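There are 2 protein chains.
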Amino acid sequence: MKKNVYQFSEGNAEMKPLLGGKGANLAEMVKLGLPVPEGFTITTEACMTYLTQDHYLTEDLKSQILTALKHMESSSGKKFDDTEKPLLVSVRSGSMYSMPGMMDTILNLGLNDKTVESLAEQTQNERFAYDCYRRLLQMFGEVVFGIESQRFEQYLTHVKEKNNYASDNELTAEDLKEIVKVFKEIYLESVKKEFPQGPIDQLFMAVEAVFRSWNNHRAQVYRRLHGIADDLGTAVNIQTMVFGNSGQKSGTGVAFTRSPATGDKHIFGEYLINAQGEDVVAGIRTPEPIDTLAEKMPKAYEEFIKIADLLENHYQDMQDIEFTIEEERLFVLQTRSGKRTAAAAFKIAYDLKEEGVISKEQALMHLKPEMIDQLLHPVFSKEVAKTAQEVARGLPASPGAATGRVVFDAGQAKKYVEDGEEVILVRRETSPEDVEGMSVSNAIVTSCGGMTSHAAVVARGMGICCVVACANLTINEAARSIIFDGGVIEEGDFISVDGSNGIVFLGKLEMEKTEESSVFKTIMSWADEVADLNVRVNAETPKDLTTAFAFGAQGVGLTRTEHMFFEGKRLTEMRRLILAGDSAQRKAPLKKLLEIQIEDFTNIFNITQEKAIVIRLLDPPLHEFLPHGAEEIRQLAKELELTEDYLEKRVHSLMETNPMLGHRGCRLGVTFPEIYEMQVEAIIRSACGLVKKGINVAPEIMIPLVGVKKELTILKELLIQVADKIIAEENITLDYTIGTMIEIPRACFIADQLAEEAEFFSFGTNDLTQLTYGYSRDDAGKFITTYQQKKLLPADPFQKLDVEGVGELMRIAVERGRQVKPDLKIGVCGEVGGDPSSIAFFQQLGLNYVSCSPYRVPIARLAVAQAAIMK
Amino acid sequence: MKKNVYQFSEGNAEMKPLLGGKGANLAEMVKLGLPVPEGFTITTEACMTYLTQDHYLTEDLKSQILTALKHMESSSGKKFDDTEKPLLVSVRSGSMYSMPGMMDTILNLGLNDKTVESLAEQTQNERFAYDCYRRLLQMFGEVVFGIESQRFEQYLTHVKEKNNYASDNELTAEDLKEIVKVFKEIYLESVKKEFPQGPIDQLFMAVEAVFRSWNNHRAQVYRRLHGIADDLGTAVNIQTMVFGNSGQKSGTGVAFTRSPATGDKHIFGEYLINAQGEDVVAGIRTPEPIDTLAEKMPKAYEEFIKIADLLENHYQDMQDIEFTIEEERLFVLQTRSGKRTAAAAFKIAYDLKEEGVISKEQALMHLKPEMIDQLLHPVFSKEVAKTAQEVARGLPASPGAATGRVVFDAGQAKKYVEDGEEVILVRRETSPEDVEGMSVSNAIVTSCGGMTSHAAVVARGMGICCVVACANLTINEAARSIIFDGGVIEEGDFISVDGSNGIVFLGKLEMEKTEESSVFKTIMSWADEVADLNVRVNAETPKDLTTAFAFGAQGVGLTRTEHMFFEGKRLTEMRRLILAGDSAQRKAPLKKLLEIQIEDFTNIFNITQEKAIVIRLLDPPLHEFLPHGAEEIRQLAKELELTEDYLEKRVHSLMETNPMLGHRGCRLGVTFPEIYEMQVEAIIRSACGLVKKGINVAPEIMIPLVGVKKELTILKELLIQVADKIIAEENITLDYTIGTMIEIPRACFIADQLAEEAEFFSFGTNDLTQLTYGYSRDDAGKFITTYQQKKLLPADPFQKLDVEGVGELMRIAVERGRQVKPDLKIGVCGEVGGDPSSIAFFQQLGLNYVSCSPYRVPIARLAVAQAAIMK
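So the sequences go chain by chain: A and B. Under UniProt numbering, the final residue of the first sequence carries the number 871; numbering is consecutive throughout. Under UniProt numbering, the final residue of the second sequence carries the number 871; numbering is consecutive throughout.
Check the hints yourself; a few may be wrong.
Any copy will do: because identical chains look the same in the list, a pair fits if it lies in one copy or spans two.
Keeping only pairs whose Cα atoms sit at most 30 Å apart, straight-line, the calculated DSS-like set for lysine-lysine is [claimed, not checked]:
#: 1; residue 1: Lys414; residue 2: Lys368
#: 2; residue 1: Lys649; residue 2: Lys70
#: 3; residue 1: Lys368; residue 2: Lys521
#: 4; residue 1: Lys587; residue 2: Lys249
#: 5; residue 1: Lys790; residue 2: Lys710
#: 6; residue 1: Lys306; residue 2: Lys249
#: 7; residue 1: Lys709; residue 2: Lys825
#: 8; residue 1: Lys162; residue 2: Lys192
#: 9; residue 1: Lys825; residue 2: Lys2
#: 10; residue 1: Lys649; residue 2: Lys569
#: 11; residue 1: Lys181; residue 2: Lys162
#: 12; residue 1: Lys716; residue 2: Lys790
Bear in mind the hints are in silico, worked out from the structure with no lab data behind them. Model, not experiment: these values are computed from the prediction.
All chains, please: the whole structure from these sequences, using the hints.
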């Protein structure tokens with residue numbers, strides 16, 4: 001028979017999966033000799049067996065519970081249903097991960113019409129005894145029978161109003177007796193059942209109810225939001241009651257060993273005299289700050305401080321401790337690592353390390369990389385957000401907060417900005433033509449698209465806050481208005497965007513800015529010390545590069561040259577090039593683009609200096625550069641001096657049914673080599689310029705979308721020819737390398753062949769994921785949300801690497817590539833390059849670096865450190 | 001030192017890779033004791049070393065050649081440059097695979113101003129000697145120095161005209177001496193060099209020229225067309241000359257041991273008296289049929305017949321033999337397997353088996369599966385095609401020949417057909433809306449798209465001939481005309497389409513029909529006997545199913561249910577369904593579609609009876625069913641009683657950027673389960689209908705596009721529920737299975753998980769290839785042709801399975817799937833299912849069946865037999 005019940009004395013802190021966090025920590029505290037009320041824990045396994053197989057309490061389980069109960073009775077000297085010393089217990093849920101308030105608790109179990117009298121007699125406190133009983137009736141009714149709490153509360157309120165009481169404390173024993181009577185009637189009325197008088201019946205019913213509460217709606221939602229698996233189950237803790245509500249020498253409270261808001265080292269908490277646990281949480285009475293306890297009950301206070309210190313040292317982390325004082329005797333009911341703000345987390349980890357409690361590595365493991373977002377992006381203060389009017393909720397695509405006037409297109413955006421206004425670009429979805437408008441906006445809001453839609457990717461790349469998929473907004477770009485559930489927003493109206501939480505507010509909300517603290521900087525330097533993987537940035541604009549280096553990027557993992565072609569005169573020249581009828585007509589735009597690109601790369605190299613930099617040659621399908629719609633075609637035709645008819649046909653001929661799978665990347669390089677030649681010329685000429693000034697730039701030129709070896713062979717030969725000719729002309733030494741992006745499944749299988757040509761690999765996990773799943777990033781939004789809701793996908797694979805599929809392809813590629821070149825430098829430059837859980841996998845794979853958007857650089861730096869520690 | 005030169009007596013027929021076909025067969029004939037003129041072969045390896053490394057004849061190679069030459073001199077008793085018995089040799093190319101006429105040959109090498117006199121004296125035939133010399137000058141000039149043949153021919157013609165000669169035979173010795181003089185002047189004039197008088201110089205120069213001829217343009221083109229690798233190289237055969245031009249008792253000829261046109265068993269060939277080899281080919285004189293030789297030179301004829309029999313028996317195949325008779329002495333100069341028509345190939349293989357020369361398996365291996373196309377599709381006779389006016393050449397997408405009137409859309413197509421006319425649908429490209437029009441057309445022609453474009457796939461599926469990618473056609477669908485290089489074609493004009501060769505002709509060409517012969521049927525029955533893999537068909541229309549079963553399909557590997565929704569009232573209901581705003585509005589169209597589908601499946605099952613049949617649930621993106629363009633939207637809005645505005649918005653909201661990677665297949669099944677429920681209901685109800693009549697239909701229901709296990713789990717559960725409810729209602733036994741299509745790379749990696757749910761797998765190699773390469777079938781035409789030309793791809797991976805990438809994914813899927821279910825039934829239903837070279841790989845993988853379009857079924861039947869034999 002499986003052991004389903006553990007005495008507290010049989011467990012320890014390591015047993016969280018089986019005993020839940022609460023049960024394991026109670027056991028640990030018993031081991032430490034702390035004053036913990038006697039009890040036992042029913043395992044999470046028992047819960048899952050109940051939920052998935054039995055759906056009732058088996059005789060075996062019942063007998064194990066009763067054995068544990070006997071033990072409790074004999075050592076406490078109290079007994080269930082005893083007329084002299086009745087045993088009362090609490091029944092509490094507690095799963096592996098803390099899910100505060102999500103599951104159910106019942107206090108004072110064991111009371112009935114008989115034992116309530118015994119308790120009154122024993123404590124000489126009738127009021128207290130009936131207060132316990134009415135609480136049990138209320139909690140048991142809600143939890144076991146699902147009676148609405150309203151029904152009990154209404155009557156309680158009625159009694160208080162009738163007697164003009166300000167608080168529950170004023171209720172008399174008589175009042176409470178009456179209340180108990182009425183509460184029992186509520187049972188009969190609501191569920192046609194009597195309140196069960198047998199304590200054992202109460203106990204079994206309570207255990208079942210707690211088991212079932214694992215699957216209640218709010219618990220399910222919480223788990224989905226926090227990525228907690230559904231098959232963990234909850235443990236049930238049965239513990240002897242101690243009574244904070246047994247008089248003025250009793251009380252109950254919660255305290256943190258350090259400030260959860262700032263991390264400062266002082267006890268932070270509150271308590272209530274003459275109250276039971278839930279009264280503090282419920283907020284009916286205002287609790288008092290913990291330090292006032294020093295005066296009221298100095299002995300208990302002193303003991304608590306000692307215990308708090310001991311627990312923090314024992315767990316090597318800031319603790320959140322629940323305690324109860326019964327007649328001046330202190331009991332600890334729970335301890336756990338306390339939730340805290342990002343700022344507090346960093347301060348606490350830093351302090352604990354400085355205090356010598358934990359090592360540098362432990363300090364780093366204390367932190368969640370994603371928290372850094374909160375530290376670095378400006379935010380709306382909670383107060384402000386609470387009272388503001390929400391317009392929409394969407395996906396939090398790019399963190400931060402911003403306010404500005406609504407605009408609907410790039411032209412208006414620029415016009416407003418030129419007039420000194422701040423703007424937020426709102427569109428159904430964005431396209432490359434909007435990039436210029438996006439770059440001048442404070443935030444982007446779209447009604448369509450997902451976390452990796454164009455708007456989301458570009459916004460994150462630019463470090464602009466962004467909310468996408470605001471499905472309830474009807475954006476009428478033509479009418480220049482937005483219809484939302486509560487009204488209409490016109491162009492020029494102010495809105496505020498919270499990109500970290502995916503909320504759009506009406507009006508201009510106030511913001512708080514954040515600065516990198518010295519604590520933060522120190523911790524990040526520890527991270528760099530322990531890391532194996534380097535962290536690079538995906539960036540091409542001077543602004544992004546500067547930001548990323550300030551954030552500690554160790555190089556550039558991806559410079560997307562196409563982003564440089566999307567604005568102003570560059571776009572015109574690019575269009576002229578694409579639309580040219582023959583190579584003679586191509587010459588002029590190529591020459592102009594060459595000049596522009598030389599300027600671009602010179603600017604970039606001036607920032608990156610001698611840092612590693614991967615430059616990807618042109619990647620997107622040609623038609624991305626083309627005009628859409630009749631009006632734009634008309635204008636462009638005029639500009640390029642072409643007939644509209646010709647232009648329309650040419651644009652049409654460049655259109656593709658599935659551009660993502662079309663004529664792009666190295667395929668363009670092969671069929672249309674002039675562009676790559678021009679780009680490499682620009683890279684090499686710019687680099688030569690810096691080398692002459694004594695700065696040894698070493699560009700890593702990357703050929704995208706390779707699927708067959710010969711693509712790489714042909715293009716490498718071509719590009720080397722171009723590059724070496726210039727280097728010879730310039731008569732200098734320039735170290736450049738040519739590598740390839742691994743983003744086509746087939747490339748993974750032929751990685752050995754590619755490694756014969758490539759001097760480095762960089763995984764383009766975005767495309768690789770698209771092709772491995774057959775999901776278009778532009779379109780997957782239509783079903784990926786449903787998929788996540790229905791749990792077909794554990795996470796969005798564009799956000800978190802899919803280890804089973806994409807990961808396996810990567811493993812094959814790394815193995816085969818390194819078979820040919822054992823020292824082959826391999827990085828990742830897709831979205832997941834900045835995702836901590838993906839980074840752990842990249843560490844296992846033995847990659848050399850990850851690369852991500854500027855604002856994710858610090859997150860990745862912490863994540864690579866953690867990955868190195870856990871390896 | 002490497003052995004680069006082999007005496008004929010040192011080789012044999014197995015050494016083709018090293019000695020080339022001609023060299024190896026000459027060696028084999030020497031071994032057989034046949035009268036072969038003395039000689040030796042320089043290896044293909046020597047050629048490749050010359051071409052890729054040395055670019056000159058090394059001293060080592062020269063010395064090996066000279067040693068072989070010495071041997072030849074001593075055993076023939078003739079010597080180079082000898083004044084009494086001058087040795088003359090032929091220098092001929094000969095690669096591993098026959099490339100007739102593609103590379104160069106020089107005869108009579110060794111002649112010069114001195115030896116020509118000796119030859120005249122020795123043979124007492126001055127005319128003969130100078131005829132040989134002028135031939136050498138001409139061939140050597142062309143081959144070694146690249147002098148245009150025109151220059152020599154012009155003068156020859158001039159002499160003949162001056163003297164009123166009808167043929168070369170009338171040239172006198174004096175004429176020929178003058179010709180030789182003038183030919184030598186041509187050398188000086190053209191290349192400023194004398195004709196080299198030294199026979200050794202001649203020989204070395206000739207060998208180099210033959211080596212180089214491996215890379216001449218026409219040889220390269222031939223290799224590309226016939227899939228011959230570029231790194232094989234050609235051998236060079238040096239052989240003592242025998243003279244068919246040494247008088248009236250001499251001659252030269254070519255003969256087949258059986259008819260290459262029909263396969264009938266009789267010697268088939270022709271010869272010329274007093275001529276050298278190239279005269280027969282050149283067609284200047286009309287050769288005489290071989291049987292007349294029996295009278296003219298009975299001894300030589302008899303000997304030849306004996307040798308022909310011997311060679312055919314020895315090689316166990318019909319032979320193509322070159323011979324020369326010198327003064328009534330017969331010499332065999334070459335033998336090889338003769339090229340033949342498809343009909344002849346089948347007849348010969350059948351006869352050889354029946355004659356006991358070869359086994360059943362050998363007979364099957366004699367045949368090229370692709371040949372069957374020629375046997376089964378009607379064709380234009382060669383005579384007709386030669387004189388017809390070509391309008392365009394494109395890709396031969398679907399074989400066969402057809403004529404008809406040009407139409408530009410489905411509506412016109414139907415109108416013409418209703419009037420009793422035959423039509424050919426001509427479009428820029430086709431879309432699902434054209435399917436009805438395609439089905440009534442005799443042929444399809446498009447100006448865009450590739451071998452797997454919509455037009456190509458559907459046409460092959462329907463067995464309709466089709467030419468795609470006719471780039472030179474400007475199809476103006478609005479103006480209803482086609483502009484081609486030679487003029488304009490209007491709607492209603494006749495054109496003729498040769499789908500086997502990818503040619504479009506003007507006018508209505510006459511056709512020849514083909515019937516399955518009894519020989520063909522017998523051979524196919526042999527194929528079925530030896531095969532391991534079954535052959536199924538991809539089909540859903542009664543016509544296609546009937547055709548396929550007549551062609552021997554053993555089941556249905558893919559029934560595409562979406563094809564059933566594209567016509568007439570079905571499309572309207574499907575549109576009503578998709579455009580419905582809520583589930584209430586969906587009910588009516590679902591009910592109608594259910595009725596239609598029950599009818600569909602009943603019709604199908606009535607044909608397939610108890611044969612295995614895989615039915616794929618709806619696969620394409622929803623918007624494929626939607627109207628395109630304002631006019632169609634207007635009509636549909638009227639039909640469905642919706643506002644145009646609403647309809648346009650709804651259509652727009654269903655549009656996807658990359659539909660191939662979008663909301664389709666099982667993703668629709670998950671988010672929109674009503675359609676799959678309806679389809680399964682229809683399948684099961686129809687099947688029940690047949691079961692009640694005693695026909696045990698056993699549908700295999702296939703869920704497409706699965707990438708994560710839970711898609712399959714959820715849908716399987718749902719569909720089983722629907723199916724089992726109906727089966728219980730009907731109170732019968734029905735064996736149905738539920739399986740999945742493996743077409744997403746990720747599915748291959750999780751095949752073990754999928755095998756836990758799936759009762760069968762079917763590889764969708766089209767999608768799998770798309771995703772493995774990242775090539776959209778709709779768009780890849782833009783670069784795939786360039787890729788094949790530049791040899792980046794050995795073949796179109798949609799036509800021939802890519803073993804390195806797609807194949808490796810398939811191997812992973814088979815291994816993992818069978819790990820869980822050792823007997824898992826696995827098939828292939830993509831385009832490559834009918835491709836012989838891909839089938840060889842599927843045999844290795846251990847698949848259970850392949851499935852292909854109806855007209856490829858016999859090809860696949862032969863290919864699976866060959867794969868089983870070669871395993």
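With identical chains, the pair lysine 716 and lysine 790 could be close in the same copy or across copies; at 30 Å between alpha carbons, which is it: within, between, both, or neither? between (46 Å within a copy, 15 Å between copies)
Treating 30 Å as the Cα threshold, decide for lysine 162 and lysine 192: within, between, both or neither. within (28 Å within a copy, 129 Å between copies)
At 30 Å max between alpha carbons, let me know whether lysine 825 reaches lysine 2 within a copy, between copies, both or neither. Neither, since 51 Å and 41 Å both go past 30 Å.
Go through the copies and call it for lysine 790 and lysine 710: within, between, both or neither, with a Cα cutoff of 30 Å. between (43 Å within a copy, 9 Å between copies)
Could you figure out if lysine 587 and lysine 249 sit no more than 30 Å apart (CA to CA) within one copy, between two copies, both or neither? neither (92 Å within a copy, 69 Å between copies)
I want to check one pair: lysine 649 and lysine 70. Are their C-alpha atoms no more than 30 Å apart within a copy, between two copies, both, or neither? neither (88 Å within a copy, 70 Å between copies)
Reference check for the pair lysine 181 and lysine 162, CA-CA at most 30 Å: within, between, both, or neither? Close inside one copy (17 Å), not across copies (139 Å); limit 30 Å.
30 Å Cα cut-off: does lysine 306 pair with lysine 249 within a copy, between copies, both or neither? within (20 Å within a copy, 126 Å between copies)
Have a look at lysine 368 and lysine 521 and pick one of within, between, both or neither, based on CA distance no larger than 30 Å. within (16 Å within a copy, 72 Å between copies)
Checking an output row: lysine 709 and lysine 825, CA cutoff 30 Å. Within, between, both or neither? within (18 Å within a copy, 34 Å between copies)
Please work out whether the CA atoms of lysine 414 and lysine 368 approach to 30 Å or closer within one copy, between two copies, in both situations, or in neither? Classified as neither: same-chain Cα gap 38 Å, cross-chain 67 Å, threshold 30 Å.
Between copies, within a copy, both or neither: which fits lysine 649 and lysine 569 at Cα up to 30 Å? within (23 Å within a copy, 34 Å between copies)
In terms of the numbered hints stated before, the structure departs from hints 1, 2, 4, 9, listed from lowest to highest.
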